[in-house]
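There are 2 protein chains.
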Amino acid sequence: MTSALPTLGERAREAARVVATLPAAARDEALLLAADALHRRCDEVLDANARDLERAALADTPAAIVDRLRLTADRVAAMAAGLTTVAGLADPVGEVVRGWRRPNGLDIRQVRVPLGVVGIIYEGRPNVTSDAAGLCLKSGNAALLRGSSTAITSNQAIAGVLRDAYVKAGVPADALVLVDDTSRESAVEFMRLDGCIDVLIPRGGRSLIDAVRENATVPYIIDGDGNCHVYVDAAADLDMAVAIVVNGKTSRPSVCNATESLVVHAAIADRFLPMLVPALDGVELRGDARARAAVGGAMTAADADDFSTEYLDLVLSVAVVDDLDAAIAHIARHGSGHTEAVVTTDLRVAERFSAEVDAAAVVINASTRFTDGEEYGFGAEIGISTQKLHARGPMGLRELTTTKYVVTGTGQVR
Amino acid sequence: MTSALPTLGERAREAARVVATLPAAARDEALLLAADALHRRCDEVLDANARDLERAALADTPAAIVDRLRLTADRVAAMAAGLTTVAGLADPVGEVVRGWRRPNGLDIRQVRVPLGVVGIIYEGRPNVTSDAAGLCLKSGNAALLRGSSTAITSNQAIAGVLRDAYVKAGVPADALVLVDDTSRESAVEFMRLDGCIDVLIPRGGRSLIDAVRENATVPYIIDGDGNCHVYVDAAADLDMAVAIVVNGKTSRPSVCNATESLVVHAAIADRFLPMLVPALDGVELRGDARARAAVGGAMTAADADDFSTEYLDLVLSVAVVDDLDAAIAHIARHGSGHTEAVVTTDLRVAERFSAEVDAAAVVINASTRFTDGEEYGFGAEIGISTQKLHARGPMGLRELTTTKYVVTGTGQVR
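These protein sequence lines map, in sequence, to chains D and S. Counting along the first sequence from 1, when you hit position 171 you're at 171 in our numbering, and nothing is skipped either side. When you read off a place in the second sequence, starting at 1, and then add 414, the result is the number in our numbering.
In short, the hints are calculated from the structure, not lab data. Cβ atoms here follow ideal geometry from the backbone N, Cα and C, with glycine treated the same way. Careful: at least some of the hints might be erroneous.
Said to hold, decoys possible - Over 12 Å on every C-beta distance to chain D, these chain S residues come out as not near it, computed from the model:
(1) Ala630
(2) Asp651
(3) Asp684
(4) Lys802
As the list claims (entries may be wrong) - If you want the footprint, here are the derived chain S segments under chain D, 3+ residues with CB under 8 Å:
(5) 444-452
(6) 763-777
What the hints assert, rightly or not - To be clear about the criterion: a stretch of chain D counts as covered by chain S if any three or more of its residues have a C-beta under 8 Å from a C-beta of chain S, and this derived list gives those stretches:
(7) 208-217
(8) 374-387
With the hints as constraints, model all of the structure from the sequences given.
Here it is in structure tokens:
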């Protein structure tokens with residue numbers, strides 16, 4: 001059987017050419033109409049979702065996956081609200097990033113433009129269909145979406161609602177193309193649509209990320225793991241440190257900006273850890289020998305893997321180090337380059353930590369949980385990049401654009 | 415046999431940690447000492463080069479490759495001058511790209527930082543060893559370099575000179591690590607040094623680029639082909655158009671920003687092409703039927719491939735189109751996204767061309783040859799990106815950096 005994917009990709013590419021030059025008002029109008037339509041056609045979406053849920057039940061799908069798959073009227077309303085919010089954000093397209101005149105009179109401007117076709121491969125959650133499509137359209141891109149087989153009926157319903165609304169606003173329906181074929185072969189083919197997909201953003205777990213690294217020939221951005229540390233310095237405000245660790249670990253343990261590992265300066269370990277343990281009631285602590293000694297054994301022993309593990313659960317590894325150098329070395333060895341925090345009142349420590357720790361975000365005297373597009377004020381987020389090219393840290397609308405140079409002359413040659 | 419590559423990579427990574435926080439003065443001093451040393455030790459470099467040339471002669475290496483391989487005292491002096499120039503450029507590291515305060519009092523700054531380890535795979539020219547290492551050090555990175563087997567003795571000599579100079583300036587020698595193993599297996603292994611190479615920049619022909627796309631698991635930037643067009647509009651200044659096409663095609667035909675294809679509005683084809691043909695004496699013109707008709711046959715017939723070919727030679731394809739839409743469509747079909755120029759006096763045409771043509775650079779009333787780091791005023795260039803992520807167009811020092819977010823609070827939690 002011939003794959004439909006190249007044809008779908010070409011449709012998205014054609015739409016991208018149109019969307020790239022639409023005025024912001026048309027893109028915003030499409031998003032607002034789409035939000036309206038999600039409200040009006042909510043039952044249709046829920047019916048489609050019910051069919052996915054039935055299939056999931058027959059397949060004995062684990063409860064956590066079913067929960068991610070399940071839509072409710074509230075969840076559909078949240079998708080609509082998301083589109084409305086995105087419509088209200090500032091347009092990233094057309095910004096002159098910088099511009100200058102050369103001695104020969106050439107005017108050079110670097111202008112922000114859409115990427116073109118943004119490909120997204122994602123897992124269970126059907127709301128990603130709406131969220132990702134909205135961010136792509138707002139930033140002047142076409143979205144080529146490939147969700148999971150479990151959510152295909154829901155995704156088709158949501159995509160249908162959005163595409164209808166787009167057309168009413170004069171935006172090509174193919175600004176959102178959903179790939180129906182959810183086979184494994186199609187995923188690999190998707191990652192190799194050179195010349196069609198301008199950037200691939202995988203949204204999913206480690207096995208999806210590994211498959212992208214191994215197979216993709218199109219450019220991609222990795223939304224990676226967060227093995228986030230808090231380093232409590234000798235000069236820390238210890239009450240502040242307790243609050244920051246408790247918030248980082250317990251406010252939402254399943255997300256990538258949760259605190260996974262605590263590093264404590266030896267000089268205050270004996271005071272700080274006994275303060276922390278009762279505040280982390282319900283959290284399993286796994287410490288090295290010195291951490292355990294500081295709390296008289298109220299901690300299990302960390303094994304070799306603990307310090308490199310992103311638990312995504314109510315578990316925290318704890319290491320005691322001799323000084324800032326050892327803390328930075330520990331983080332360099334075990335960190336994933338997502339978010340690393342320090343709690344200190346010592347300016348020199350704050351400066352060295354922020355300069356020497358290599359991560360998308362370094363946080364001084366605040367929770368690791370702030371690494372997030374909303375918390376940064378981006379209004380929306382397509383993911384958090386842990387790679388260094390193109391985008392690093394929370395990715396908003398700006399990160400869904402590229403630039404082009406516009407060079408204006410009066411007949412110059414060289 | 416165990417590969418030495420992971421160990422070499424780890425050495426570069428360790429050096430990158432140190433280089434990233436060195437003051438600019440130390441990096442500049444190392445570059446200036448390296449330039450001095452290239453002058454002083456020129457004979458050593460030329461002796462090493464002579465051994466490569468001997469091997470090349472024994473292997474019946476083509477003359478063009480031997481020419482790229484050959485060093486002279488002038489070429490070594492040019493490498494030294496390049497390092498001196500780079501030392502004098504502004505430091506890209508430490509720039510606060512943007513910064514703001516959130517309602518909760520968090521201060522967020524996006525700060526420019528080095529990438530870390532820049533991996534470069536390159537072909538014949540030994541001067542790349544010095545040029546690339548210099549740009550990497552200036553931008554606070556370590557360079558992990560893998561040249562070709564033909565140039566290995568020259569590359570080792572140059573790397574040795576630079577590494578000695580680095581140490582005298584207090585910069586780790588391993589800020590330049592040259593890979594000795596130039597086997598094909600080692601190239602593939604190089605492209606898969608995850609966790610060690612932060613960005614891979616291949617410098618070479620199509621087969622190298624294809625190998626990177628197919629094998630690389632580390633992030634990379636493609637320095638791609640340039641099938642650059644000039645579109646001569648109905649409202650063009652035809653004398654200016656002749657000058658721009660002649661310059662674009664003939665000033666240096668072998669480079670990626672050379673003009674490869676001419677697109678002419680039908681309304682002026684009969685006037686313009688007869689003006690152009692004598693000015694392009696010595697250039698083979700391959701035209702479509704209307705182009706040939708306009709010059710009474712002083713042009714060979716373009717076949718199906720001509721419009722997609724980057725000749726890198728004194729050959730130019732010529733198409734006549736009905737209007738701007740057709741010109742934009744032609745360029746979208748055949749262009750490589752490098753540089754596309756328009757010659758026009760019509761503001762609306764200039765605006766539509768620059769908005770609708772999807773390329774790293776669009777040029778209005780000037781030669782395509784201006785897409786170049788030096789011509790843009792970057793002072794130096796590591797390549798020209800034809801991809802859309804991270805860097806698009808000429809890449810200078812700034813494009814060899816990434817950013818990190820530094821978030822400063824007073825105990826905030828969420």
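(message) So, against the hints stated earlier in the document, which numbers end up violated here?
(response) 1, 2, 4 and 5
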